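K.L.:
Need the complex rebuilt from these two chains, each delivered in its own frame; the hints are there to steer you.
From first to last, the protein sequence lines are chains A and B. Using the numbering used here, the letters of the first sequence map in sequence onto residues 1 to 157. Using the numbering used here, the letters of the second sequence map in sequence onto residues 1 to 314.
Since the hints were made in silico from the structure, they are not lab data. Computed from a predicted structure; not experimentally measured. Accuracy of the hints is not assured; some may be wrong.
What the hints assert, rightly or not - Only pairs whose alpha carbons sit at most 27 Å apart, straight line, appear in this in silico DSSO-like list of lysine-lysine:
id: 1; chain 1: B; residue 1: LYS182; chain 2: A; residue 2: LYS70
id: 2; chain 1: A; residue 1: LYS70; chain 2: B; residue 2: LYS111
id: 3; chain 1: B; residue 1: LYS271; chain 2: B; residue 2: LYS311
id: 4; chain 1: B; residue 1: LYS271; chain 2: B; residue 2: LYS154
id: 5; chain 1: A; residue 1: LYS70; chain 2: B; residue 2: LYS191
id: 6; chain 1: B; residue 1: LYS161; chain 2: B; residue 2: LYS191
id: 7; chain 1: B; residue 1: LYS10; chain 2: B; residue 2: LYS180
id: 8; chain 1: B; residue 1: LYS161; chain 2: B; residue 2: LYS311
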Amino acid sequence: MTLGSEIHLQPAAVPPASRFAAIETRIDAIGSGTEPDAAPRAVAELLQLGEEILEIWVCARGQEPTYDTKEGFRLLALHRQGARGEPSFNACRETARELVYHYNLVLSEPAHPETSRRLQLTAMVAKHLCLFVSGKMQVAGLGEFCCAAKPLRGGGE
Amino acid sequence: MVDVTDKAQKYRSVAYYSGCALEGSGNGYDVSTRAIAKELGLALKDVTNWNCCGAMEVKNIDPKIQTYLSSRVLSNAVHLDGADVVMAPCNGCYHNLKKAEYELTHDPKAKEVVDKLSTKAGHETYQAGQAETIHALDWIKATIGEEGLRQRTKGRLAGLKVANYYGCMYVRPRHIFPEKDKGAGSESTSKPHFMDDLLAAAGAENVDFPLKTACCGGAHTLSDADTSTKLVLNILQAAEASGAEVIATECPTCHTGLEMHQVRAEKRFGKKTTVKMMYFTQLLGLALGIGPRKLGIHTNISDSRDLIIQKQLA
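Chain B with its partners taken away, still in its complex shape (with noise of 0.2 Å):
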């Protein structure tokens, strides 16, 4: 069991790593988690001069370089801004703040290292268990839960068909998420089921998909892009089989994946698929009366408007 009533207290004001996508393609997804916690009464404190997770080329590098570039951000969040909950929204970014918090408790190399090069930089060093990492999902849901979105949010989704992707960084590997899998309140690795509690609380019907934790093709995307653009053509079938008008994504790099392929599926394979795509925070943020505007819908490559307008979420 999870002792929700110390997290929902605990997270109501945490430190806030957006990280690079969140600023540049995934901007929608930043705009709509500020907006949210705007209106149900949540601090974010982004964290001071954060720099990148490490999540793309540099771990072929040198794994110990992506957990020392995590711990930094994890050291600003504790010695800089005395947080001891980092939230991160984007999969790449909490999988890798886990990754690091794993490798530091259980890999004394990986410890030396990140001592010597914050050394070198001149900051604090971070040391295993002085913040706890969270996603998004985790941070509405302890915070704010079914309830009180149900409370909030009156089933505006009602009528709203989604299929809820949450691709493959936000569960495995199973080791770096320990709190994953410990019965009732926590998340599952095998079914993951936060983001379909929250919109369900919010009115939505969640269709049953089975491509909920499938590769998106991210990692494809510039050796194959053939083999990406079918993945997700895949995906978006298999969603619209399942009777989805939108998936719900929790993640920027699937999130536009899906959109950019979508595009592409058309334009390469003469493949037309009409599901769209929303963040999860943005379809919670409609149900709570905020404007597609303010939850910055707009900057979607999926076109929702009409779905918005035909389902009065605006």
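Looking at chain A on its own, in the form it has when it is part of the complex (with noise of 0.2 Å):
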């Protein structure tokens, strides 16, 4: 796996289904198939894509994702922007720190033995933030979820 040209935001015009579906997509080649001298920039996409999800949950509800910082990091700026007015959505909080969390220990310690494993559980954690999020999506009938649009999701039942 080639890294640094895969990080790329993709175009708002795609469907949220399809955005995430290739977030994850996109999540799980990285957790499964990064060299551990790639860790830094790979951890370093993890986090864009986590920051990715965000924005479509900030989008779908209407608003400009912003751009701010919260503790250094736009990932939880994102997710304060998105929670606001939607208590329910702090039950992913800890998940988007774990993400921040885990980031800086990949980044701090990138020579320790530890760090493929560590890339795995930030690939893991990631994949929650986007698995929770679109979750979210469809019960908040937000973007083309819906029984007819199941397809989409990838033939679910």
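P.N.:
Now the structure itself:
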């Protein structure tokens, strides 16, 4: 796997379900196929994917995603923005914070013998954020999620 | 700082609100809670004529009815049982009783509705502050504590690698848990640790588990079962990647969700995970030398018998 060129945001015109599916696939690829020496760039991409996940939520609620940071991270500012007026969105607050924690962990000790496992766990945390937010959007009726659109989500029952 | 001495005495005898989940799918939690109470010399008195806390659909119709339902449980504990502490092991029940307490303290409209409905139903109205709601983790932590468990369990869980999973309702929303985040001795809403502390005292090795308060997908189970399964699968895989042999739980909804979706993940997505699930009360019971059957471990869907034998816990 090559890294760097994959760090891109999908155009907002792409439907949320397709964007979530693409993000999930990318997260899985990073979590399972990254060499330890590529971990710093991979973990940066995971953080960026986390931001993209939250951007989708914010945009679906008709807002402009913030470029502010909270405690040094845009991800946390986006989470705060996404939870405004929607307290149940705080159920992913700690998941967002864990993503930041693991990002810091990998970057602070890139040569650590546990780096591969740490990166794998970072990917799992990012994936949880993706699954939670996509599920939330479906429940909230945001985006094109509905029973008829379920095939978009990979052939639901 | 938290005054642990007062609580240690106060919590030795509590009103026990098991709630509906512990009568059904979470029965192992109920059985093991009662078993360790007996072993530790702690008194549990079931709340007389308790009712649903309102955790499910009723809150979508009218949140004030949910507040009333929880307040009736508290009223019965106070006025019929003479209790000043109500212990609820279920995260949903615990959360709702705490929320009712908050609403009755801060929302005059909620108080008015509860007054009216209590009068209509013919029972005493619960007044905020008449009882303290605690979780089973608070109860063991305050009464027995780590040192007490260390002495009683003699490190019987040594060598057992545990991922502690708290779920989302135990710590959220923060404002309904004013006793948390108060420094040494109190629980943290961002990094809960009471279960970690208790199981470590019994000898367990807690792994660094990043999804300990992450959503289990319980709310999506009916609307989008695949999302629930994927959320659970991710939790199970993260626990295994963290090196855990067993996930310790303290919520019947999370526990059942982890068990059911572990089976479903294999059937639906061909993803097999082998990590086990046990309630923290079952693990503490094993550490105290209580037999697995008396802890209801055989009623779990997750079959932990081989692990229990391998670790010489029975």
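K.L.:
Check each numbered hint from earlier against the structure, then list the numbers of those it violates in ascending order.
P.N.:
2 and 4
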